[in-house]
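Peer 1: On the provided structure of chain A, position chains B and C as indicated by the hints.
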Amino acid sequence: MLNASDNELITRTGPGTPMGALFRRFWIPALLASELPKPDGVPVAFGLLGEKLVAFRDSTGQVGVLEARCPHRHASLFWGRNEEGGLRCAYHGWKFDRAGACLDMPAEPVDSPYKDAVKAVAYETREAGGLIWVYMGPKDKRPEFPDFEWTLVGEDQRLVTKRLQLCNYLQNLEGEVDTAHVNFLHRELRSPDPSTTVPGLQRESRKPDQSILPPGNLARKQFLISETDFGLVAMARSEEPDDEYYWRMTPFILPSFTIIPSGIDEANTWTAIVPIDDHRAWGFTATWHHARPLDEAEVENVTGGGGVHVHVDPETFLPLANKANHYLIDRDLQVSQSFTGIFGVRNQDLAVQEDQDGTICRRDEEHLGVTDRGIVGTRRLLLKLAKDLQKGIDPPQVAHPRAFRVRSVTATVPRSLDPVELFASGQPQAADAQALGAAY
Amino acid sequence: MLNASDNELITRTGPGTPMGALFRRFWIPALLASELPKPDGVPVAFGLLGEKLVAFRDSTGQVGVLEARCPHRHASLFWGRNEEGGLRCAYHGWKFDRAGACLDMPAEPVDSPYKDAVKAVAYETREAGGLIWVYMGPKDKRPEFPDFEWTLVGEDQRLVTKRLQLCNYLQNLEGEVDTAHVNFLHRELRSPDPSTTVPGLQRESRKPDQSILPPGNLARKQFLISETDFGLVAMARSEEPDDEYYWRMTPFILPSFTIIPSGIDEANTWTAIVPIDDHRAWGFTATWHHARPLDEAEVENVTGGGGVHVHVDPETFLPLANKANHYLIDRDLQVSQSFTGIFGVRNQDLAVQEDQDGTICRRDEEHLGVTDRGIVGTRRLLLKLAKDLQKGIDPPQVAHPRAFRVRSVTATVPRSLDPVELFASGQPQAADAQALGAAY
Amino acid sequence: MLNASDNELITRTGPGTPMGALFRRFWIPALLASELPKPDGVPVAFGLLGEKLVAFRDSTGQVGVLEARCPHRHASLFWGRNEEGGLRCAYHGWKFDRAGACLDMPAEPVDSPYKDAVKAVAYETREAGGLIWVYMGPKDKRPEFPDFEWTLVGEDQRLVTKRLQLCNYLQNLEGEVDTAHVNFLHRELRSPDPSTTVPGLQRESRKPDQSILPPGNLARKQFLISETDFGLVAMARSEEPDDEYYWRMTPFILPSFTIIPSGIDEANTWTAIVPIDDHRAWGFTATWHHARPLDEAEVENVTGGGGVHVHVDPETFLPLANKANHYLIDRDLQVSQSFTGIFGVRNQDLAVQEDQDGTICRRDEEHLGVTDRGIVGTRRLLLKLAKDLQKGIDPPQVAHPRAFRVRSVTATVPRSLDPVELFASGQPQAADAQALGAAY
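If you're matching them up, the sequences are chains A, B and C in order.
12 is the number of the first residue of the first sequence in this note's numbering; add one for each residue after it.
12 is the number of the first residue of the second sequence in this note's numbering; add one for each residue after it.
12 is the number of the first residue of the third sequence in this note's numbering; add one for each residue after it.
Bound conformation, chain A alone:
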């Protein structure tokens, strides 16, 4: 539970807000690189942190991100001509390069110095992992670019998708660090029957648990958190037969990224939720394997729309199953086959996340349980860093790009084993150790 004032603080990310200032200290993903396929191509208008922006790939192939409005009289640069190293406004021909410098004011007097005085608001960009990234904070505070493992592997080892999510970013982020919901929201009720099940619904059914939650049959879990140099790790542990523990580790990486735990040597999945404004966000999802190309089943999982990746309208990125069509819920399927009757892990998440008191949850009226420890830890960390920043204390987590070389795991191991040691015992599991807060 947050008081109403902290809830305001943690959910608002527009210009001038404390949480907006914290987001602006990190590199954040802005677009799929494929939205800007070629030099001098069509610009893209989009929103980020309450600002209206336009992105374009200039003649050299580098990407510029400018405030959408032309500094002159605020026509949208989206209508502009992308040509010869800059974006030229359609209204009067003022032209800006990707750094915001004005290259031309063709209707002003030839010798006018005005061109040197007017700048477009421009943000630095990077292209990595199939995404365009942007840094929107103070220039002298710009951190090194984070080397997420999935941005460093070969293109055939990675698949990245984007969606529009119609709620405040925090409702998604809380879902991502909330290990407890997986056994409910994403639960399958029957053993997969190839003739009747839908692709994607099998994914989370790692245990052969066919019940509709009969009393006592559900494994009770313990929930732990551990702060790290990239954010924190939320952990769930359950007692298994044969003197084993089942572990599920979810790294929360600042400012709003997570990694969904997978089995050792399985493909990993990274998520990001980036505010458009306080009521909408871009969700990015990257699935990758550190050591080999993604195989056919993994690609099917990404492109089939049934897992955490989701089918979207190609122009707006709105998921095809959405609030307007009740996420295509099938109430018969809900009775017999899946906990929700909604197809696909991401669609299930969207259904609950996009309406928690509407688009902004009233966290002063909720009732948290012991399962919510990861959520509580995430909120506390974000609030502490935002309040520190107001006092002039920079967030320490932006400093070390290697801190972001994180994976995550879920595994059943002997109770005698310390998971930190387990995942630190060899390569390539070293990255997993990082997920637990261990040093390399």
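Note that these hints are calculated values from the structure, not bench results.
There may be inaccurate statements among the hints.
You can't tell identical chains apart in this list, so a pair holds if it fits in one copy or across any two.
[Stated by the list, open to error] Using 25 Å as the maximum straight-line C-alpha spacing, the simulated DMTMM-like pairs for lysine to aspartate or glutamate come out as follows: (1) K334 <-> D405; (2) K130 <-> D375; (3) K334 <-> D288; (4) K395 <-> D276; (5) K126 <-> E377; (6) K126 <-> D368; (7) K63 <-> E19; (8) K334 <-> D51; (9) K395 <-> E155; (10) K334 <-> D324; (11) K150 <-> D127.
Peer 2: What follows is chains B and C alone, placed relative to chain A:
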């Protein structure tokens, strides 16, 4: 005319408002029973008095109405599983019964007492007359359930429909107690010609008045009101030939119900308007005969969409003729056949009611006439009771369920007859007498 | 640049605002006359200066414009019966003539004096040039009706269209007086090739300039303004070979009208932008020739949708190319053929004008250039007159209807010629002289 402050007070019914407090002292209709057709079936999400609610029929067949948001982290219980005596949230499996008690928190520790501490907001319900009713007020103030005659008769003696009305509830309620508008808004201009008229337009044409209101030809009426133990009765009386009076009596039953006057021994029609929020309301309409099954013509009138019942979209209950399509007005028909050119009594009402300064009428700028006595009386009564309630004085009208056994009449009788005596002279007219404020 | 307070003042035109008061001192166009085709026909509901209005053509053929809400209980008179010299409300039959007098209250007592006490808010109207005009200001301040030349010529000499523009009126008005944008926003990139170009795109390409703005090749212009007795004239002058000047003169006529400059003896085009509310406006465009019927090419230009007239939805007047469909921009066409890739001069204007910080431009954050002199002059004049009016000083420009007999010109003439003298030298150029502030 109301001053702006009284207009605010009378139109706002959300949590914490004085008029909302008054509404919450009465049993109000919430849903058609047919929206919840079977035990453990699909829940229904809906709004009432500014609150977001979810209704479900539990395993025993009884109906629960809960605040839509789960007390845990405010996911909508609409996505929940309706199973084994309660509604289970899709997010983490918390389960609540129809009284709001938490039956299960499957991810919390097995011995946790937390389950007993967390309650869902739950409202008491009743099922009567084909409707689900709800009481949203203080438990110790709950009145007896009102025994409206139409809820007590056999199913073949009654037909009930529901519509979404896109304005403040009061604009509809004022229309229902406004006897004067019937001769204008619902006027037919020509004698019914079976080959050209549309079903439903004939209903209100009780007098063979074919004129387009030539000067002096319209019967001037007198308008009277009388307070009763259920609210008040608005009466219109006009002088008829042969030393007779034509009477039209409209009971207003608290908090927002009326009965449309019909001829003696004709079917009666009860209406209710229940706020969803301050700009939308549910309209319920029940037509019944106290002594016999509805006949074919009466059923046609209810199901044909041309009377006070109206054809609606089955999912949203939005009338098919609505503001977006200009209520399908036919301007040629308006010239030659009906006063409005709009088909159906209810559609005619909706056209004028859904735009009186938009969804909330500015009653500080209106100009009332002598015909508006019923409206003035209704407003005064509502304001007095709401203000009394703020001072701790309970509305007296909730006390006696038999007070609601009201019918209404329209009839032409000798001027020497006192209508109170007339309608009190025998059974089943006793109920009519009640409509005039007489004792049983 | 305006400070935020002046920007509020200049953009708000609802009842009670200073700029609204200024607009209300002028005759403004409200509807196409063709929207009210015949006596006792269907009324039209529409908005103007933040007021909801209804227009009707009464039995005599004259047009009434009333506040849309009936004075009684605020039902919309749009549903009313237009019959026998007045508009009769559909709710209770109250009837008003075009002056707002109440002709009938059929349900009130026959001898009631109430009818004489209740007036509908009514505005005076005129019909001229194919438009309905309205005066919404104080009756004792009503100016003479302006005799715009195009309202006085024969019907075959004139074509008038209307569109809905989805932004504050000022964003359009600024565009109309902004001569500088013509060479950019409306620029053609290639010589017209009949097999590939689209009609309408050729119109503004008066110079055979095929370049995509190579440095130095664009003629730099000088921008001048001159106040007149109808408003002001914005002028652009560029140096041409052979010791000539190219002149382009744009009259701004109070409160929000302009004339687009054309070559001598070409058809002229008048524009008006009239606020519906602060975020939407009606655009009217009239093309006429003072001396002869419009020829086939001119008619094609008006009706083809490619010039400053535009194809609209016949019911809503929303242009077919609009914000929702990105003005049908063709990015390939933008590279090779036109500066914007948007078809039609008006559509090009709409694209930039309908999003300058959204519907209301933040003029406190813009960066004006020397080309914006006409815009600066227009704003200053509007602000001065609105502020004067608050002090009780009437706008002088409303006094003389002959002041509105303006045309405009664009022409290349010897540098030695004074354009005022040039256009004053003979008939029919006398009107052009007026455009420059010269006396007849």
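Peer 1: Is it within, between, both or neither when you check K126 against E377 at 25 Å Cα-Cα?
Peer 2: Between. Shortest inter-copy distance 14 Å satisfies the 25 Å Cα cut-off; intra-copy 54 Å does not.
Peer 1: State whether the alpha carbon distance between K334 and D405 is at most 25 Å within one copy, between copies, both, or neither.
Peer 2: neither (38 Å within a copy, 42 Å between copies)
Peer 1: Cα distance capped at 25 Å. Does K334 pair with D324 within a copy, between copies, both, or neither?
Peer 2: both (14 Å within a copy, 19 Å between copies)
Peer 1: For the identical chains here, do K395 and D276 meet the 25 Å Cα criterion within one copy, between copies, both, or neither?
Peer 2: Answer is neither; intra-copy 35 Å and inter-copy 73 Å both fail.
Peer 1: Go through the copies and call it for K150 and D127: within, between, both or neither, with a Cα cutoff of 25 Å.
Peer 2: within (20 Å within a copy, 53 Å between copies)
Peer 1: Cα distance capped at 25 Å. Does K334 pair with D288 within a copy, between copies, both, or neither?
Peer 2: Close inside one copy (18 Å) and across copies (21 Å); limit 25 Å.
Peer 1: Using 25 Å as the alpha-carbon threshold, which applies to K130 and D375: within, between, both, or neither?
Peer 2: Answer is between; shortest inter-copy Cα gap is 16 Å, intra-copy 43 Å.
Peer 1: At 25 Å max between alpha carbons, let me know whether K63 reaches E19 within a copy, between copies, both or neither.
Peer 2: Both: 22 Å inside a chain and 22 Å across chains, each within 25 Å.
Peer 1: Using 25 Å as the alpha-carbon threshold, which applies to K126 and D368: within, between, both, or neither?
Peer 2: between (49 Å within a copy, 22 Å between copies)
Peer 1: When Cα atoms must be at most 25 Å apart, do K395 and E155 count as within-copy, between-copy, both, or neither?
Peer 2: Intra 22 Å, inter 53 Å, cutoff 25 Å: intra-copy only.
Peer 1: How would you label the pair K334, D51 (within, between, both, or neither) given a Cα cut-off of 25 Å?
Peer 2: Result: close only across copies, 23 Å inter versus 36 Å intra.
This entry does not satisfy hints 1, 4, going by the numbered hints stated previously.
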